[in-house]
Amino acid sequence: MDDTTLARLGQLSRIRLEVDERLPLLQDLSTILKFVDEIKSISTDKIEPLAHPLDSVQALREDVADDDIERDVYQKFAAKTIDGFYVVPRVVDP
Amino acid sequence: METVQSLVQLRELLETRQISSYEITSEYLARIRRTDCQFNSFVATYDEAALRSAQLADKHISDGLLKPLIGIPIGHKDVFCVKGEKTTCCSSMLDSFVAPYDATIVENLQNAGAICLGKTNMDEFAMGSSNETSKFGPVRNPWNLDRVPGGSSGGSAAAVAACIAPACTGSDTGGSIRQPASFCGVTGFKPTYGLNSRFGMIAFASSLDHPGTLTRTVEDARLMFNSMSGHDTQDSTSSTLKSASTKSKQKQMKLGYPSSLFSDLPNSIARPLEEARKILEEQGNTIIEIDLPHFNVAVAAYYVISCAEASANLARYDGIRYGLRSKQGSTFDELCERSRSEGFGQEVKRRILTGTFVLSVGHYDAYYVKAQKIRRLIRDDYLRAFESVDLILSPATPTTAFRLHAMDREPTEMYKQDQFTVPVNMAGLPAMSIPCGFADGLPVGLQIIGPHFGESNLFELGVDFQSLTDWHLQCPATLS
Amino acid sequence: MSCSSHWEPVIGLEIHVQLNTESKLFSTSPASVHPVPNTSANLVDLAIPGTLPVLNKEALNKAIMFGVAIGASISPTCRFERKSYFYPDLPKGYQITQLANPIVGKGSLDLHVDGDTVKTIGITRAHLEEDAGKSIHDRYEKVTAIDLNRAGTPLLEVVTEPDLNSSSEAAACFRQLHTLVTWLGICDGNLNEGSMRCDANVSVRRHGTQALGNRTEIKNVNSFRFVERAVQYEIDRQISLLEQNETVERETRLYDVERDETRRMRGKEFSDDYRYFPDPDLLPVEVSQDLVRSISQSMPELPSNRRKRYTTYLNLNPAVAALLTRDRATSDYFEAICKVTNNASLVANWVLGNVSSVLNRDAITIEKFSLSPESLGVILRHVDSGEVSDALAKQVFDQVLSQGGSVHDVLDQVKQARISDNSELRELAQTILASHPDQVKQLSEGKSKVLGFLIGQAMKTSHGKADPKKLSEIFIELTST
Numbered sequence: 001m002d003d004t005t006l007a008r009l010g011q012l013s014r015i016r017l018e019v020d021e022r023l024p025l026l027q028d029l030s031t032i033l034k035f036v037d038e039i040k041s042i043s044t045d046k047i048e049p050l051a052h053p054l055d056s057v058q059a060l061r062e063d064v065a066d067d068d069i070e071r072d073v074y075q076k077f078a079a080k081t082i083d084g085f086y087v088v089p090r091v092v093d094p
Numbered sequence: 001m002e003t004v005q006s007l008v009q010l011r012e013l014l015e016t017r018q019i020s021s022y023e024i025t026s027e028y029l030a031r032i033r034r035t036d037c038q039f040n041s042f043v044a045t046y047d048e049a050a051l052r053s054a055q056l057a058d059k060h061i062s063d064g065l066l067k068p069l070i071g072i073p074i075g076h077k078d079v080f081c082v083k084g085e086k087t088t089c090c091s092s093m094l095d096s097f098v099a100p101y102d103a104t105i106v107e108n109l110q111n112a113g114a115i116c117l118g119k120t121n122m123d124e125f126a127m128g129s130s131n132e133t134s135k136f137g138p139v140r141n142p143w144n145l146d147r148v149p150g151g152s153s154g155g156s157a158a159a160v161a162a163c164i165a166p167a168c169t170g171s172d173t174g175g176s177i178r179q180p181a182s183f184c185g186v187t188g189f190k191p192t193y194g195l196n197s198r199f200g201m202i203a204f205a206s207s208l209d210h211p212g213t214l215t216r217t218v219e220d221a222r223l224m225f226n227s228m229s230g231h232d233t234q235d236s237t238s239s240t241l242k243s244a245s246t247k248s249k250q251k252q253m254k255l256g257y258p259s260s261l262f263s264d265l266p267n268s269i270a271r272p273l274e275e276a277r278k279i280l281e282e283q284g285n286t287i288i289e290i291d292l293p294h295f296n297v298a299v300a301a302y303y304v305i306s307c308a309e310a311s312a313n314l315a316r317y318d319g320i321r322y323g324l325r326s327k328q329g330s331t332f333d334e335l336c337e338r339s340r341s342e343g344f345g346q347e348v349k350r351r352i353l354t355g356t357f358v359l360s361v362g363h364y365d366a367y368y369v370k371a372q373k374i375r376r377l378i379r380d381d382y383l384r385a386f387e388s389v390d391l392i393l394s395p396a397t398p399t400t401a402f403r404l405h406a407m408d409r410e411p412t413e414m415y416k417q418d419q420f421t422v423p424v425n426m427a428g429l430p431a432m433s434i435p436c437g438f439a440d441g442l443p444v445g446l447q448i449i450g451p452h453f454g455e456s457n458l459f460e461l462g463v464d465f466q467s468l469t470d471w472h473l474q475c476p477a478t479l480s
Numbered sequence: 001m002s003c004s005s006h007w008e009p010v011i012g013l014e015i016h017v018q019l020n021t022e023s024k025l026f027s028t029s030p031a032s033v034h035p036v037p038n039t040s041a042n043l044v045d046l047a048i049p050g051t052l053p054v055l056n057k058e059a060l061n062k063a064i065m066f067g068v069a070i071g072a073s074i075s076p077t078c079r080f081e082r083k084s085y086f087y088p089d090l091p092k093g094y095q096i097t098q099l100a101n102p103i104v105g106k107g108s109l110d111l112h113v114d115g116d117t118v119k120t121i122g123i124t125r126a127h128l129e130e131d132a133g134k135s136i137h138d139r140y141e142k143v144t145a146i147d148l149n150r151a152g153t154p155l156l157e158v159v160t161e162p163d164l165n166s167s168s169e170a171a172a173c174f175r176q177l178h179t180l181v182t183w184l185g186i187c188d189g190n191l192n193e194g195s196m197r198c199d200a201n202v203s204v205r206r207h208g209t210q211a212l213g214n215r216t217e218i219k220n221v222n223s224f225r226f227v228e229r230a231v232q233y234e235i236d237r238q239i240s241l242l243e244q245n246e247t248v249e250r251e252t253r254l255y256d257v258e259r260d261e262t263r264r265m266r267g268k269e270f271s272d273d274y275r276y277f278p279d280p281d282l283l284p285v286e287v288s289q290d291l292v293r294s295i296s297q298s299m300p301e302l303p304s305n306r307r308k309r310y311t312t313y314l315n316l317n318p319a320v321a322a323l324l325t326r327d328r329a330t331s332d333y334f335e336a337i338c339k340v341t342n343n344a345s346l347v348a349n350w351v352l353g354n355v356s357s358v359l360n361r362d363a364i365t366i367e368k369f370s371l372s373p374e375s376l377g378v379i380l381r382h383v384d385s386g387e388v389s390d391a392l393a394k395q396v397f398d399q400v401l402s403q404g405g406s407v408h409d410v411l412d413q414v415k416q417a418r419i420s421d422n423s424e425l426r427e428l429a430q431t432i433l434a435s436h437p438d439q440v441k442q443l444s445e446g447k448s449k450v451l452g453f454l455i456g457q458a459m460k461t462s463h464g465k466a467d468p469k470k471l472s473e474i475f476i477e478l479t480s481t
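Protein chains in written order, with my numbering: chain A, 1 to 94; chain B, 1 to 480; chain C, 1 to 481.
Because the hints were derived from the structure by calculation, they are not lab data. Among the clues, some could well be false.
Derived, one-sided and incomplete: chain B residues facing chain A with beta-carbon distance under 8 Å [to be verified]: (1) Y22; (2) P100; (3) H294; (4) F295; (5) R325; (6) K373; (7) P398.
Label-pair distances were calculated between CB atoms; the ranges are [as the list claims (entries may be wrong)]: (8) V73(A) to T233(B): 20 to 30 Å; (9) G122(C) to V57(A): 24 to 34 Å; (10) S402(C) to E70(A): 45 to 55 Å.
Computed from a predicted structure; not experimentally measured. Every residue gets a Cβ at the ideal spot worked out from N, C-alpha and C, and that includes glycine.
Kindly generate the complete structure, drawing on both the sequences and the hints.
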């Protein structure tokens, strides 16, 4: 874990890292990684990954639409809307 | 009304009209007002709505409309959406978020007649084992106000311990119900993965998150579970299988005992656990030594998986549709970065960054896939053990409640708090922590773990144990 | 423009097909996008905390149907992954898609140009994923407006092998996939509304070499013509770069319709890191053999099969068969007529000729065409038997379309108005013969083909009213003496 990696992680996860945060975070993440590196001590040859604890399969849904949608209620807790649109500073394609 | 009341007792009082729901609800609201300034276990109370519901419940009771939890007030961990009420996960990020819908378990409990007292404190986004990362400030352990209540369901555990709520909901991703239950001397229970719906529970790590309860007794946990659980079409991981949670006949059970888990404990904790084992043995249960070979790497693998899932689950907080939006930021990227940076606390950021790391190019196989493989090994350890035993006994926590700030600079030390609880989440097993004594004046919890859908035996053994002991009825001195 | 024959273009397509389900892929909001912003986006689509995805069974079935149609293997268990990136119209901060176990595996598509199979295109895979919302950049000053109505609509992303070697093949492939998905009824095929969007990966290499050149990706083209033009532009651009010993950079480009050129959108040098991992909110999906079987049994007959049937059993030429099977409604219309009359090539000519012109004139699709195939069949049966000339049949056709009425009544009317009086016909024939001495000479030399010409002239003069059968007899009689 180095500063470049940390910066990249911050960029990927859209977390702004202020200058004074970087060093302690770098230390913490290094500690955490050292800690989780323990998993490398276990041999997992021919072991299939397990994504879910139960060997069950997904329950699917019938294709029925409902229009139980209350835009005005949902937009009450949005910081900014215009004419029913959510808005962000203009995104310009490079 | 007595200080200590189980749900079963309250129901009895209500059904026999010795007390009204209005009286009970007023009493708990008064207790919260009176004493919670010491514990900080509730972050919001719904006094008016609760009392209104109580009056309605009284009417229903007098009309003979009896539901399992009718008129009984409970608290919800602030991780569950309650329609029309703020649901914040105790994060600045969700300061202004008013849930537009009810979580399934909130609805189920309400349909069973329960009344919502308010929301309980928790670690931010359920990430933590001490309830110190809440934006509402730390919760204090009713047994010793210098100590943490455990986390992340610290508010729920403290509220039940302090008798300011008869029962509370909680969520358990790596021990977040059982560890605070152990620290606060209450009964903490989570069922098999998929039995309690996750819909409306704000996600931390989807494949590990289990809704559950903090109650005074095991009997209460069963009562709550019977009302909360059930298949939910809005959660596709929700199980279509039913768990047998009604009373079963099986009395003598084979109890797995992984002795290596007990051997490193400090004496003060080992002693009550040993006592508990003896009590269970004296009841005719057989203790069988078992081995869980991959126990030691569970916490490390858990952190890889839970952080990975969390890093994606928390990507939705971008400041656009809800949640904190930074005042600064002239581009979308900057706005998003600033909002997330201002909205999330340090521990949440650490976990998002860790999760991002383990999923990123070049690290995915070495961390994420590897951890998933270990997850299988851990689960298979349990499946193998359950071929020869009915339930497994385990410590709930490696220590009793520690002091506030004791782990401030040691994130991984805090993670180790969950060493006995994490593997259970990795395997999706039902488990509970029940009070089994004290060490230096602080509660000690015994963890009992069942096989998938083995809730019935779990409750049975827990009820048995509590009929022979009174640890679960003890009250902290701070209350008197 | 360099159009060097030294270079071989290599093209692969990624086509997003919007499946026409009632509800969205993982939520119950309506999949048909509402014009009022954010009114068809529910709690799940908005990624409100605590909400969870639940897969739409029908979307899965439609994907399976596509897979069966291209002869692909259907994955017995498939799963969904999260693809993480931040964009204002991506509410969860990740897209639910399929990476490791797509529902549809390798299959193929026979590419036809003018009805001939020119090659078989490999389909690498097809997978289900959710669409994002819409970002509107030009509506308000300084801000981008976000409408999440489209967020969560089901897409089937079809990925082809880089088996295409020209811009026309690329366009033909897109067109044929369009035919297939609309034929199957899994997509409304409305290109203007973005129901199918095509990304093209283009590279060129020297003929005879194996290694692929650096490729560029052209994003989001939504018409057959634009795919052809964008790919052609890109091929030419790359060749001219290479011929000047410059390198083609790996990048994403956008096709500018107005200027007919592609423009650089972003480079690949800071390649994105999407951090794919299995979505822990979604368990593996089990696809049973029974399900696949029942879907394949419920499927309509495929265009390729019909084409084969038309050329083999109806003796239509491949180009005609291809035109008739360009969409299912046309093909169904054709087949319905064929149930009434036997002359398939006559029916084909009418469907592709007269019917098609009316459709073009009125700008409607055949589903909206007012003349039933049974009625047209009755008209054509009369033509086939020689009772009615083609021209007269056209009159009947036009009259029924413009004035309504039953085909039988109108046919009777015109038959009555027909010149069948022998003396009148004889007069007409004599006029025609008198004005065409050359043809008369040829006829007497035994060139019987000329007879048709003369009858045609007579029909023309009589505005189609003459009885062609009788005319023929009269011409023979008059010239054989």
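- Provide an ascending list of the numbers of those earlier hints which the structure does not satisfy. Violated hints: 1, 4 and 7; rest satisfied.
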